[in-house]
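*Asks:* If you're matching them up, the sequences are chains A and B in order. Mapping the first sequence onto our numbering, position 48 (from 1) lands on 48, and the numbers just tick up by one. Mapping the second sequence onto our numbering, position 92 (from 1) lands on 92, and the numbers just tick up by one.
The set of hints was computed from the structure by calculation and includes no laboratory data. Ideal Cβ positions, reconstructed from N, Cα and C, are used throughout, including at glycine. Misleading hints may appear alongside valid ones.
[Stated by the list, open to error] Mimicking DMTMM-like on lysine to aspartate or glutamate, the simulated pairs with C-alpha atoms at most 25 Å apart in a straight line are: (1) A/K86 <-> B/E14; (2) B/K87 <-> A/D40; (3) A/K446 <-> B/E91; (4) B/K55 <-> A/D40; (5) A/K188 <-> A/E155; (6) B/K31 <-> A/E390; (7) A/K166 <-> A/E189; (8) A/K173 <-> A/E390; (9) A/K45 <-> B/D34.
[What the hints assert, rightly or not] If you want a taste of the chain B side facing chain A, the calculated C-beta under 10 Å gives, among others: (10) Y20; (11) R76; (12) Q96.
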Amino acid sequence: MSTRPYQILPFRYERMSEDAVLLTNEAGEFSFVAPGVFDDLINFKLSTDSGSFQNLKGKHIVTDTDLEPVIEMLATKYRTKKSFLKDFTSLHMVVPTLKCNSRCIYCQVTSRPPDSLNSSMDNITATKTVDLIFQSPSPVIKIEFQGGEPLLNFEVIRHIINYAEKLNRKYNKSLQFVVCSNLTLLNKEHLAFFKDQNVFLSTSLDGPKDIHDKNRPLRDGSSAYEKLIKNLETARSTLGPARVSALTTITLENLHRFQEVIDEYVKWGFSSVFLRPLNPFGLARKNQLLGNYSIDEFVKEYKTALQYIITLNQSGIYFVEEYAFLLLQKILTPFATGFVDLQSPAGLAISSVLYNYDGNVYPSDEARMLAQMGDQRFLMGSVHKNNFQELFRSSDVIDLARWSILESLPICSSCAFCAYCGLDPVRNYAETGDPVGNVFLSESCKKNFQIMKHLFSLIWHNDPKVIDVFWAWLTKRDLTDVSIESNSCENILAFQ
Amino acid sequence: MLNYQEENKEIALEVDSRIYSKRVVMESAVKFMDKCYIRIEAQPNHIWRLIFNKKEPQDKFPSNLVNTFQNELLERQLRFELEESFKEIREMIVRQAFWPFEPGKK
């Protein structure tokens, strides 16, 4: 070791305010220090006897001992964070049909009317798709049916699930099925099968009736909201509430009404909401919805909504904002989350993949949406023409991974939030024409950066009432149980 | 120290390349690309010259552009020097994490 009193280990930093500098390391461990302490640290003037030094040493940002055991420890933690790489593709999205009875104003796949021809998967394509799915080495397989409206091709859903269960007697994987549906066509036959096969349902609820019907009108002019709510109640009573979840998409209709959206979710018994802005695909782009609000506006409303949700929790209503939850998992636990949009490298093909109704295979739903818009740039191949090796070990898939390794990209590689973030080359390409582009100027970066900075600011301010709510989310415990332990940020950091 | 001139359409900055590396100057400039068009020229006597142009004639330059850019240069240079000081350790961590896989080997 040199004559310096300590060795600085790799870290990144962000000046949070005049009072605090956030330091983060490769494994996602973090520490807040005063600006004066930061200056002393980087100039090797920090006393090794000081509390600040000991705290930083505990977070593997400095060491005054042998380097080798510290590197081993950090390597182990880093490997844990990247554990999503080990098992390869676990999420397999299948599009049984592009037909849909809805005409959502932001439809990202440009769905087709229910009577359109040549828009649905046949049984031969379905069988080949399942054969390919089971070649993934992942011990966990989640098959998620997307659309269009998948229930318009229920027979293929049934065929795929039955065939997958049959194959799984040989492969013995952990198998899960999800159907993403507007629920307006749900009937007793569907529910009986879903109950029998332990299928989960995911739907969309954009807010109260006026918002939902404006965002997601049905082609026949009837109220999508009324049919959704009616079938939602039936689905919950048949399958159980835990097997029905919902997402919301933010347009100008609900951007300034987040509290009403959240109240709607609480009213219908949901325990979480995922507040997500529009993606630059399909009708969202064609109908010029993207320019209706800026990411800055979205983040401003998001922060207000998050505070409202925290207040709900404090009043005894357990309710989670899913995006914040995912980020808090990455910040406050040593584990990977499996959320493919926040990974380095991105989950494209290596964590999730999509099989279209015609047998074409894409590395993500966004790549499929791009193809629907006429751009086949990210087509991987076809279940009819290509085997598993040809699809998943292609140079195209390797390129997608290479373009999305944040640790190797300018600006991202020195960003304090690098260990928690991710980028989508397909989305970058849709926005800028380049799979990498100027990441810093992308809408995704602006959103992620601002929200992460906000969450870290909440952690830094260490209000026990807020931290207790985060702790309750992370441990899936009741807030009263968590509060009894008088948790504060110190305990959160100890848990980390 | 930065020298700068401001005329109607452009601001020209001069940066000493003995203090700020090329990578630092470029990364700093990239962060202003949404606000301005930027041209970088190598000049004699260890000078990088950056010319900031308005994107539209009626636009105004961001307030305090020069001072903000100067601070960005400082932060970027600090980050760069820190990275240089521990990049070998970072590589050792990643190499150890993925051992026995080595880059470039099948």
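*Asks:* All hints are to be evaluated individually against the structure, with a verdict given for each.
*Replies:* Now the hints, each set against the structure:
1. A/K86 <-> B/E14: Not OK: A/K86 and B/E14 at ~49 Å, beyond 25 Å, violated.
2. B/K87 <-> A/D40: Distance of about 20 Å is within 25 Å: holds.
3. A/K446 <-> B/E91: The hint is violated at about 28 Å.
4. B/K55 <-> A/D40: Not satisfied, since the Cα-Cα distance of roughly 41 Å exceeds 25 Å.
5. A/K188 <-> A/E155: Given pair A/K188, A/E155 holds - Cα atoms ~14 Å apart, limit 25 Å.
6. B/K31 <-> A/E390: The hint is violated at about 39 Å.
7. A/K166 <-> A/E189: 21 Å, holds
8. A/K173 <-> A/E390: Answer holds: A/K173 to A/E390 is near 23 Å, not above 25 Å.
9. A/K45 <-> B/D34: Violated, because 39 Å separates the two Cα atoms, which is more than 25 Å.
10. Y20: Given a least distance of 15 Å, the restraint on B/Y20 is violated.
11. R76: 8 Å, holds
12. Q96: 4 Å, holds
Consistency note: the structure conflicts with the earlier hints numbered 1, 3, 4, 6, 9, 10.
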